[in-house]
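Engineer: Quick note, the sequences are listed as chains A and B, same order. Each residue of the first sequence is one higher than the one before, counting from 7 in our numbering. Each residue of the second sequence is one higher than the one before, counting from 973 in our numbering.
No lab work stands behind these hints, which were simulated from the structure alone. Quick reminder that beta carbons are idealized off the backbone N, C-alpha and C, glycines included. Hints may be right or wrong, so weigh each one.
Claimed, not checked - No farther apart than 35 Å at their CA atoms in a straight line, the calculated lysine-lysine pairs in the DSBU-like style are these:
| # | chain 1 | residue 1 | chain 2 | residue 2 |
| --- | --- | --- | --- | --- |
| 1 | B | Lys-1053 | B | Lys-988 |
| 2 | B | Lys-1014 | A | Lys-176 |
| 3 | B | Lys-1273 | B | Lys-987 |
| 4 | B | Lys-1328 | B | Lys-1147 |
| 5 | B | Lys-984 | B | Lys-1109 |
| 6 | B | Lys-1348 | B | Lys-1328 |
| 7 | B | Lys-1053 | B | Lys-1273 |
| 8 | B | Lys-988 | B | Lys-1144 |
| 9 | A | Lys-193 | B | Lys-1348 |
| 10 | B | Lys-1118 | B | Lys-984 |
| 11 | B | Lys-1394 | A | Lys-176 |
| 12 | B | Lys-988 | B | Lys-1348 |
| 13 | B | Lys-1094 | B | Lys-984 |
| 14 | B | Lys-1348 | B | Lys-1273 |
| 15 | A | Lys-175 | B | Lys-1348 |
| 16 | A | Lys-193 | B | Lys-979 |
| 17 | B | Lys-979 | A | Lys-175 |
| 18 | B | Lys-1394 | A | Lys-175 |
| 19 | B | Lys-1179 | B | Lys-1317 |
| 20 | B | Lys-1014 | B | Lys-1147 |
| 21 | B | Lys-1053 | B | Lys-987 |
Unchecked claim - Computed footprint of chain B on chain A; a stretch qualifies when at least three of its residues, placed anywhere within it, have a C-beta under 8 Å from a C-beta of chain B:
| # | segment |
| --- | --- |
| 22 | 57-71 |
| 23 | 145-157 |
| 24 | 266-274 |
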Amino acid sequence: MRTELTALTVGAEVLRKLFFHAHQDSNHVVERVWVFRNTINVLICNHGLITITTKPLRASFAINIPWTEIATIPNGFKGVLNPADVSVRTMLVNESSVGLSLCSKGNELTIHLNDAVMWEPVYRSLHGEATFLTPNEILLVARAFGYAAAVTDSVPHPQVLLAIRNVVKKSASKSPTPARVFDGLLKLVGLGHGLTPSADDVISGFAATINALVARGLVEGDWLSVDLRELVTRTNLLSAVIMRELIMLNLNEGVDGAVASFVRGDADGMLESLITLLSLGHDSGGSMGLGCLIAACVASDVDPMLCLGAFVEGAGLSLV
Amino acid sequence: MASSSIKEEIEKANKKAVERMMESEPHWVDMGVAERVIPDLKGMKLLHAGPPITWDRVSGPLKGALIGAVIYEGWADTPEKAERLLKTGEVVFEPTHPHRVVGPMAGVVSPSMPVFIFYDPKFGNYAYTNMNEGLGKVLRYGAYGKEVIDRLKWMAEVLYPVLKATIEEIRKDRKPGLNFKNIIAQALHMGDECHNRYVAANALLLKEISPYMFSTGIDRKDVIAAYNFIARNIIFPLNMGMAAAKLMTLAAHGIEYSTIVTVMTRNGTDMGIWVSSLGEEWFTAPAPIPKGVWFPGYSEKDANPDIGDSSITETAGFGGFAMAAAPAIISYVGSTVEFAIENTKRMYEITYTKHKYFTIPYLGFQGTPTGVDIRKVVKTGITPTINTGVAHKEPGIGQVGAGIVQFPIEPFKAALRRFAQKYGI
């Protein structure tokens, strides 16, 4: 069965990866493919990730396509990104003739990028002085987001929330610097259920937010990074790669918008962006958003325990 | 630790909202002149489909329909004068929904236009809609030439009295009037989806009303003209189906904690929704352009963004959501029969339940997807997909095709944000 689709939006990072790999030995471009109902995740050379998804959530590493029953392609099929289709004339996607083909025995999915709109994170344009949300606004957003996560069944498992509380509490008892909280959270890699364990999503949201602020000089501190080889000993490969993409600031629009709104002091905008995340996985969106909120607290010298408390309260839970 | 209370609260509210939506009993009960029956439609005021809009952002077809309505009312004798009155605010225009009115495409209702009166005896609500003019060059698609105004006048002078007398005859026989829910349910079994295809519903309507029409005592020539007008206009029951849907969704509106959508509508510039627990607050985004089948000589570049209150049918659980019941609709709106079936199946993922009374034979008589839940839209990223007529983007031209349109996700996200702010803090 052959399926041809035209992409709606394509992340800037996708093009970089495709163009880069077009110049490599591309007979073996795809290392691994995961097929789900809404999404195909393609691991390409050097562990780069391209996500092809019918979900409307845009990301640097995503190609958004119209709704189609992706699940008709069998999970685990051996895919090949057809190198012949990757011809680079210009980096402007709407002027290029780049095509992306995923082929397998009996199945072929071709995605045309030529009419797609390119998507890039806006955090890159954030410079200079920032008007962060006030502590009270962060807590209001956290409570409302906790509520939204609860009503969409996106709250991380209580066991994960308890573990996060313990880590955050420990780091908050000293000075909760980004690095200290991050080190604590990293101990939780792989904790939780789902394709991307909840703790991994919290870490992604936290580190991506901090790094976006650090990269624009809005928060002092070191760049947070992870070692993929170490991560894969504690969580599954897909989760580890997605985590690394986000931490390297290949952001999705939920995290990106939350960071931008936080920097602008726009509480309503931050809540809206966090809600955008809720379409991710089972509780991935809720977890990632929680990570962003904890980072916003740490960046503002607000006790992250308060933020966690507001989220939990909003979700109608009690961690006692 | 448990968040069950929040979810239980919403579950209880949504169950109530959708139950009321399904149990609503919309009846056609009367005809009347708009300004005499519609609340707050007085003076030089017009109603239009979709969310509120200002003149500088009004789309071509809506502009054309408003101009046409000003001419129809006699407030101006040229399009230029009519436009000036609208631009200066001497003629005001407001959305239909807060007035309990619905109208397809531009949905323009003016004070002296005759309207259908629908009533739901179960929940005591009224809703109103104008009479359908047919396809092609018509006011609701933004055309306002002499033939359009003449037709509207004929409808007021000939069709309206016949229908008024007909429904009075029907009421003598059965109270409170003609049950339109039964017509929709039956038409879904006969190949209609009751948004863009009303072929079966039209036949059913005529079967129901003809004996009464011909016993009204009105001049036989007028009765035959009215009968022929309805018989030749296969989309005639659309407005009635919309009024019925409005009553169903009105019954579901205003329930605290409910996340069910009770209005989905477009004005040719924006689309907007209401949510049961969030009152009459509009959540809007730019209206998308339908993917369509074009009339000869037209193409996508002529198309205006989506317009009309007719998506109230999908809000109530039929129309595009019941496309699996109406494979023949594809010849009008494009795409494939497989898509029609797939679309209905996909809408189950964002709706609360399957309809008790509206069922689809092809799907083993499953109920239609009913009660769009903003939580499910945000969670799945799937948005309501409907079928629709397409208007030319310039005023005064009319219909150029029909197609499929998928709503943007932004209004649903904004509504969830407001919901979290209202109940989460």
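Engineer: All hints are to be evaluated individually against the structure, with a verdict given for each.
Structural biologist: A quick look at each hint next to the structure:
1. Lys-1053/B with Lys-988/B: Given that 35 Å is the threshold and the Cα spacing comes to 49 Å, the pair is violated.
2. Lys-1014/B with Lys-176/A: 67 Å, violated
3. Lys-1273/B with Lys-987/B: Answer violated: Lys-1273/B to Lys-987/B is near 43 Å, above 35 Å.
4. Lys-1328/B with Lys-1147/B: 23 Å, holds
5. Lys-984/B with Lys-1109/B: Roughly 47 Å between the alpha carbons, so the hint for Lys-984/B and Lys-1109/B is violated.
6. Lys-1348/B with Lys-1328/B: 20 Å, holds
7. Lys-1053/B with Lys-1273/B: The hint holds at about 29 Å.
8. Lys-988/B with Lys-1144/B: With Cα atoms ~34 Å apart, Lys-988/B and Lys-1144/B stay inside 35 Å; holds.
9. Lys-193/A with Lys-1348/B: 33 Å, holds
10. Lys-1118/B with Lys-984/B: Given pair Lys-1118/B, Lys-984/B is violated - Cα atoms ~53 Å apart, limit 35 Å.
11. Lys-1394/B with Lys-176/A: 33 Å, holds
12. Lys-988/B with Lys-1348/B: 17 Å, holds
13. Lys-1094/B with Lys-984/B: At roughly 20 Å apart (the allowed maximum being 35 Å), Lys-984/B and Lys-1094/B satisfy the hint.
14. Lys-1348/B with Lys-1273/B: 33 Å, holds
15. Lys-175/A with Lys-1348/B: Distance ~34 Å between Lys-175/A and Lys-1348/B Cα, so the pair holds.
16. Lys-193/A with Lys-979/B: Answer holds: Lys-193/A to Lys-979/B is near 32 Å, not above 35 Å.
17. Lys-979/B with Lys-175/A: Holds, at roughly 29 Å.
18. Lys-1394/B with Lys-175/A: It holds: about 30 Å lies between the C-alpha atoms, which stays within 35 Å.
19. Lys-1179/B with Lys-1317/B: Holds. Lys-1179/B to Lys-1317/B sits at ~32 Å (cutoff 35 Å).
20. Lys-1014/B with Lys-1147/B: Holds: Lys-1014/B and Lys-1147/B sit about 30 Å apart, inside 35 Å.
21. Lys-1053/B with Lys-987/B: With Cα atoms ~51 Å apart, Lys-1053/B and Lys-987/B exceed 35 Å; violated.
22. 57-71: holds (count 4)
23. 145-157: holds (count 9)
24. 266-274: Three-residue rule not met by the segment 266-274 of chain A, so violated; n is 1.
Checked against the numbered hints listed earlier, the structure breaks hints 1, 2, 3, 5, 10, 21 and 24; every other hint is satisfied.
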